[in-house]
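Engineer: Given next are the chains, with one letter for each unit.
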Amino acid sequence: MTDLTPLTPAAAAGTRPILSIRDLSVSFLGARNSWTRVIEGLSFDVAPGETVALVGESGSGKSVTSLSVLGLLDPTTSRLEGSILLDGHDVLKLDEAGMIRHIRGQAAAMIFQEPMTSLHPIYRVGDQIMEALTSHRDMPKAEARRQAIALLERVRIPNAARRIDDYPHAFSGGMRQRVMIAMALASRPKLLIADEPTTALDVTVQGEILDLLKDLQAEFGMAMLFITHDMGVVAEMADRTVVMLRGRSVEQGPTAAIFADPQQPYTRALLASVPVLGSMKGEPAPLRFPVVDMKTGVAGGALPLRSKPDLTAPILDVRDLVTRFDLRGGLLNRRVARVHAVENVSFRIFPGETLSLVGESGCGKSTTGKSIIRLNDRSTGSVRLGDDDLFGLGAEAMRRKRRDIQMIPQDPLASMNPRMTVGDALVEPFLEHRMGTAAEGRVRAARLMDQVGLTAAMLERYPHEFSGGQRQRVCIARALMLDPKLIIADESVSALDVSVKAQVVNLLLDIQDRMGIAFLFISHDIAVVERISHRIAVMYMGEIVEIGPRAEILERPRHAYTRQLIGAVTVPDPARRHLRRNLAVTELRTPIRPLDYAPPARRYEEVAPGHLVMVEG
Amino acid sequence: MGATPEHETALPPADPSAGDKGWSRRGPWRRVLQGLLASPTAVISAALLALIVVATLLAPVYAKQVSGTDPFRSGLSAKIKIDGKPVPVMQQSTEGLGLGVTPIGPTWGPQYLLGADGQGRDVAARLLYGGQNSLLIAGASTVLCLLIAAIVGIAAGYLGGAVDGVLSNLIDMIWAFPVYLLAISLSIVMIGKSYAFGPFEISSGSLIVPILIIGLVYVPYVARPIRGRVLALNQSEFVMAARGLGIRPGRILWRHILPNVSTTLIVFAPMLMALNIVTESSLSFLSVGVQPPNASWGTILQDGQTLLYSRPMVSLAPGLAIMVTVLLLNLFGDVLRDVLDPKSARGR
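Protein sequences, first through last, are from chains A and B. With the first sequence counted from 1, adding 36 to any position gets you our numbering. With the second sequence counted from 1, adding 9 to any position gets you our numbering.
Hints listed in this document are in silico derivations from the structure and should not be mistaken for laboratory results. Check each hint, because a few of them may be wrong.
[Unchecked claim] Here's a subset of chain B near chain A, in silico, CB distances under 8 Å, partners left out: (1) P37; (2) V41; (3) S203; (4) E246; (5) F247; (6) A250; (7) L254; (8) G255.
We put the CB at the ideal spot given by N, CA and C, even for glycine.
The shape of chain B in the complex, shown without the other chains (with noise of 0.2 Å):
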């Protein structure tokens, strides 16, 4: 009502306990948690996304107990038995030249629940073994995104001069690029190749590859706003407030900057970690991903490709794996978002 957004009920002395409510007693982390935790949306997201990293990360159990398959060894002479007869994974096809061999659509059951790709190899043994590798994939190459961009956005933003000027530059070159090219010319260079630095090595085809690669292209799009949030942080009353308190610079970054940038940091994780899953099953489906025999998403839709016609069920899977992951991740970073940041949520 005045000019101030303050509460001070007038003249009566201001009551101690005027802040002694439930929730407010509590730090802003703990807020952040609680109003996760009322948003059903968030609740239901984060608990499906659980489950889907416990499923995929059950995938060896269920290979060896549930389906009984070897989902990386090509299965085209194997043999299942459907109500007792025996029914070969790969199929003769019946159409046409009689030619083409198609292998066994979704079974239904334990064994091949989704049916088997061109190799005979078991869909759905294959889908939890890629969800470890796209989910692990996407995980670290944000960490790594988040990683790389608050160091450099940060540097850019408190040391300014020549720092920034640098840095600044760097993103700008970087963000020129679109990113599919950079991320599948950088694949093109490195994949396939062994590295070593001093004692570690890294070898063909290892994951550490895609993660870099991910880890990196996304960095200019996060350092870009963290640089921002530094340099209007750095010019805030707090910040001023706490140099004015001869606080040492050093201190002033770590305490009062860095909490809070880390907000902002926060809220891209989620959307980042689902742009990098698409990222990751684009690049494994343009063979510049996840190398053989490894699986991932990107790579089973990939197989599917051949068969979209004859049992599309082996590329549905795994898109519609994507699709739902890459949903319930930004369904989460929307309430996130809205919690961390209160003035961008949208009324309710």
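Bound conformation, chain A alone (with noise of 0.2 Å):
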């Protein structure tokens, strides 16, 4: 690796930075008593005023990055070298005390990926935000309130007068972010560090969320270190990028010289692999993430998907399918309420074809998936695969049909049992279907292992000893031993790496390529949903919005949460960068309903050939 001599816009311009990092090591004690460097050499600086985005995958330290900044890792566990130069205090060499009063709350404060977790459940977060307030100042209560006001305001929150007085529950993910915002910014810090301050939020409030943050950062003129894994914030977000892999910096420079021109080829690897919303138009089949050759970083050619959906009969029909749950409480556990999770939804999959539903946290497109399986007993509707009625089966045919009709999960490790081997887990449902022997079963696992890209050596292996990327093909081989008609694939690739998650949907469309496979995919990555659907299906508080196929979907969307959806979509473009989206703030629409309410009517235009809108009223 090249001798990398941070960029200094700021020394140049004459201005000293307001945070300076030369030659971080960060070490953390391991088992046995050794000690793993997690940081390497690290050396970066941010301007006052400038954003310095810090991109990597997982485990590239990041975030032990903007720890150490703050001084919040474990001094029994963990080893620092160098010098962290913050607001001329020097970091390594304060104590906790010299921390507290001149760095947290003060030069730098944080906010945090989880804002579920973030914000204390107890106190109101009007008192929070006053605590943060006066914990450095002397100020009258009624001061910190008005102050407390003014800074929800700032964030934008409605009726902030009122609100102030609410406990964290009655905030949605994004309101709370914006409450963790208004927390930090009540110290006035220099430099806000965000770690990964939208990861958890859905599409649409991330949208608003790095505006308010863009906003907010000319308002008050202060510098942002910005971690993230996602190339689209970095371009909408940086003025400068360091790209990091494995606690080094790989390459830094101005962002939009890293997109334009990456010199390493670990970046124009990284940025060859990151799903780009658009960049399918004009294709007319699903295409595979071009491959990327790894000492060179060139991406190849993208592989589109050969086979073609057989459209003569569905594999599966989905109609008018309803699950409802209901919320119980009060002093008999009465009924009080009920959950329009899924309301009157209906489509048809055919053999070979993947059609994805997208939709934000809690529209209802994971709790569809597992109503057609079956998994809740809630539901009502019909739903055939092939000629059989699933809702119609008896317990043990419905089991016999499960062969069919597999799923690949969100979560891989929690969807597998600890106490098994992978081989074992391969092999029990291949022989629980009675398709051969258990010597068959391990002839046939060790093949699928290699099939999606793993060895048969690792049937032995418990499924803690994987990686995630690995997990995942893991599932998806135990998917496959039953030699399904359709696979429904739940948010499969949503918690891996961008490089990961690329070599999973090449995968999947691989397998469809051999085996025909119809695909339900699950998914709220736009991006990821361009890339391998035939079609797409919207989904809005439990309703399919907007169906049709993926190219009359996302050039000509016709439902306004349609283009609200895709609008809010970051793109890895930094040209992009001074664009502002000019969403409403909108607070989360539950679909919880009073027990009498009855859902209206729905009536469907057909736009396009295939392309259905819903109209309302």
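Assembling the complex is the task here: the two chains are given apart, and the hints tell you how they should meet.
Structural biologist: Here it is, written out as structure tokens:
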């Protein structure tokens, strides 16, 4: 690796950087008292008012870097060398009291990834903001309250004066992240550290928060250190970018230069693996991600899906699927309300076809998947798989039918029994469906492991011994053991790193090419959906608002929600940096209804062949 | 760092040998064993517990070969030789009115090492024999309790519905009684009678009665958490996945739920055993546990009650035995829980 002298535009401009990291190395105490180095020789600067993004995949050390800046690593199990100069203070030389006096909530403040757990659940949000205000400054209570309301207004929380007395549970995820930002701003920090602040949020909410951060940065003139794995977010937010790989800085420079002309193979490979919404214009069929040469980082050609859907008879025909859950409460545990999780959903999937269900969290897309395979027993409607009505089958007949319809889960580790080897887990369903002997099962398992890019020797391992991407491959192999006709992939690639995500998507397309399996691909990630789908259905509050061919939905969206969803997607193109989405601040709407609620009859209009849009009213 | 705890190392293809690092190559049970072996507390407490068990098992050898006393026959007129002089085991008290008889104190020699009890029996030998019974009753009732609790808890949690309703209410009813009140009431009713169940017969004074009673009273305390664990496992992703794969319900129970419940059971075992030793001793102390002439640590404790001021060793010895054993079991249990459930482990 070449010697990387950190770029210091601040120094060039004559101003002192607000944050200056030099030769930072961090080691963690591991098992058997051995030290493992997780950050090695990291140097970069952040100038006042500037946004620097730390980007990398999981394990690259980007979060450790931010924790080091605030001195939040446990001193007994971590060792830091080098220097971190923050607003003139050498962080590594400060003691805990000094950190509190000069750094945390003073020179720098931090917002975290998980707004649901970062707020204290039993204090009112106003009290929490007021605490942040008064902990470093003497201030009368009335003044603190006035400033807290002002801060909530600055982060665009509607009705701030009234909502200041609400508890965190009364806020949605996006609203809580706004409250977190208000708390961080309370001390008027010179540097705001944002550690994956939008990763846990829905795409439209992410758009709102990113816009808010940009506005606030202009208003307050603070510098930002933005930690993310999402190249789209980087392109949108950062003046300069530091690309990290296994604790080292691989490449750093102005964001536009990094995107336009990446110098290092890793950066090139990373950029090539990022799914870009809109990159499929004019492509007739689902397209694999380009295969990246690891030595040069040069992306090869992308292979399209060769097989075509067989449109003679649908493999899955869902009609008027309704799933509702009762909410109980009160003294006698009576029903008090109902969650209309899935409401009158109908669609068909043909052999060899991929239909994607997209929508935000809570829209009912995962419930739809579970209802189809009867993993909850709260559904009405009809689901026909081939010639069988799944909802009409007895327990044993349904069990046997499960062979044909398999699921690939979101969290592969949780979906495997920790006390079974992968080999046992693969052979078990094969034996349960009496598809052959144990020996034949082992042979088949070994062959499938090979097909998903693993080795037969790994059959002896337990799930915890695999990496995340490998585990997802194991889950795919397990689903394939039964020769299914349809696979429901529920957020199957959402939790994977970008490069691994691309590999697993390519694997799914390989399988479709080879075996003609139909996919119901459930995802919130529209850029991935664009790659893999033949058709797309957009779900909102339990209903399908728009369904049609991929190009129709993405290039000519008709429903307002579809447009909002597509508009909120981040695009890894720094040229779009100064665009604002002008999204309205939205509170999450929930499909919780009173018991006597009767859903309105919906009408769908066919605006193009196969392209149906729900008509309001 | 990302949203998931995964360790895939970026773009270069995942190294297939990434997981080949010694300990991680083996199954979960092997890791538990290795975790125990890595803890000095666990190793030492297990070794000392084993020593206690072996010592009690060697009670007959001790009684015959070392002390040469019969711990089950009163030795009111026995005499032993100390420094060549014959000394009576029961000595005329020289204090007060001179009417009382006091047993010999600790000789720290082979015979009557820890002295004699009120009937002139060798306390050291009785301590070993009593330990056999105490440990046997505690061990057997622990196994019995875990077995019943597992069946009740799994049935309630897995079958749900009416079965759960009946079993859960039953558990709550037993729970409503204070443990000792329940145990003592049961003992008073059951002890001292003989029972016949077809070909099986339980004679009066049999150890089976205290085993049954002690095994039963703690069932709710174990069955409840087991039921909760099964309910959670039933909703867990991997049980859902197994259902989605079309695995039969019986096999899901056997292969997916049971092995994961077993850790909870194992965590309970040492704690429960410690609890049972104390319970057995208490019942025996109150004469509703082990019946004479059988001994247990609890009965010896009771034997020493009247000699507390003149010969404290008679009570002190079984008391210490109980304390040390319970302490060791709890120390071992703590480590076991940390190893089986790393999330609950306190920072080291």
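Engineer: If a hint holds in the structure, say so; if it doesn't, say that too.
Structural biologist: A quick look at each hint next to the structure:
no.: 1; hint: P37; in the structure: 5 Å, holds
no.: 2; hint: V41; in the structure: 11 Å, violated
no.: 3; hint: S203; in the structure: 45 Å, violated
no.: 4; hint: E246; in the structure: 4 Å, holds
no.: 5; hint: F247; in the structure: 5 Å, holds
no.: 6; hint: A250; in the structure: 4 Å, holds
no.: 7; hint: L254; in the structure: 4 Å, holds
no.: 8; hint: G255; in the structure: 3 Å, holds
Against the hints set out earlier in the document, violations occur for numbers 2 and 3.
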